[in-house]
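A.B. asks: So the sequence shown is numbered by this note's numbering: it starts at 1 and just counts up by one.
Hints were generated in silico from the structure; no laboratory data involved.
Just to be clear, a hint being listed does not mean it is correct.
Quick list of the computed label-pair ranges, beta carbon to beta carbon [stated by the list, open to error]: (1) G9 with M82: 16 to 24 Å; (2) A109 with P65: 31 to 39 Å; (3) V101 with G21: 12 to 20 Å; (4) T52 with G9: 28 to 36 Å; (5) T122 with V70: 44 to 52 Å; (6) G12 with M95: 22 to 30 Å; (7) T6 with G43: 24 to 32 Å.
The beta carbon of each residue, even a glycine, is placed where N, CA and C say it ideally should be.
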Amino acid sequence: MVILNTGFGTVGTAAPPFNAGRTAVHEVGHWLNLLHIWGDDGGGCRGSDNVTDTPNQADSNTGVPHFPHVTCNNAPNGDMFMNYMDYVDDAAMFMFTKGQVRRMDATLAGPRLPITQSTGLTPVETEVAAAPRPQEREAGELPQRWFDGVSWVDA
Numbered sequence: 001m002v003i004l005n006t007g008f009g010t011v012g013t014a015a016p017p018f019n020a021g022r023t024a025v026h027e028v029g030h031w032l033n034l035l036h037i038w039g040d041d042g043g044g045c046r047g048s049d050n051v052t053d054t055p056n057q058a059d060s061n062t063g064v065p066h067f068p069h070v071t072c073n074n075a076p077n078g079d080m081f082m083n084y085m086d087y088v089d090d091a092a093m094f095m096f097t098k099g100q101v102r103r104m105d106a107t108l109a110g111p112r113l114p115i116t117q118s119t120g121l122t123p124v125e126t127e128v129a130a131a132p133r134p135q136e137r138e139a140g141e142l143p144q145r146w147f148d149g150v151s152w153v154d155a
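All chains, please: the whole structure from these sequences, using the hints.
C.D. replies: Shown next as structure tokens:
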């Protein structure tokens with residue numbers, strides 16, 4: 001999985017039209033065994049994402065398509081371009097289908113099961129030297145924050 005730094009996250013280097021964190025959602029979808037919804041067949045209308053509730057579509061969509069965008073005789077609703085597994089701008093993608101969720105759940109119950117049992121999901125105690133608490137502030141001064149070894153705390 002590779003994500004360009006300008007298409008990852010919602011702050012910092014994230015830049016429109018990929019600045020809502022949805023590129024990561026798409027890539028995690030692949031990690032959870034989802035395919036592109038057009039079946040990667042180069043516009044042939046023969047490919048499949050192996051999920052029954054996603055309509056067949058000719059190829060990837062980009063930008064912010066207008067509904068309906070009909071390809072592969074998938075009228076009246078057309079391509080499911082708003083699906084996380086298409087290539088549209090972040091502003092246009094917002095859903096997985098129930099079938100895709102079942103496929104991801106099956107992957108988490110099968111080949112990706114070890115991640116659910118990882119100690120990486122368990123908080124651990126660490127001995128981190130905390131920064132000293134700031135003393136009193138001047139009137140009108142904004143609160144300072146400090147890291148206590150676990151989280152940021154307002155002074």
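A.B. asks: Now look at each hint and say whether the structure bears it out.
C.D. replies: Each hint tested on the structure:
For the pair G9 and M82, the supplied restraint of 16 to 24 Å holds, since their beta-carbon distance comes to about 21 Å. Between A109 and P65 the C-beta distance comes to about 34 Å, which sits within the given range of 31 to 39 Å. Remark: the range hint 12 to 20 Å for V101 to G21 is upheld by a beta-carbon distance near 19 Å. One distance hint, 28 to 36 Å for the beta-carbon pair T52 and G9, holds here, with the actual separation near 33 Å.
About 49 Å separates the C-beta atoms of T122 and V70, a value consistent with the hinted range of 44 to 52 Å. Under the hint 22 to 30 Å, the C-beta atoms of G12 and M95, about 26 Å apart, fit the expected range. A beta carbon spacing of about 28 Å between T6 and G43 agrees with the range 24 to 32 Å that was offered as a hint.
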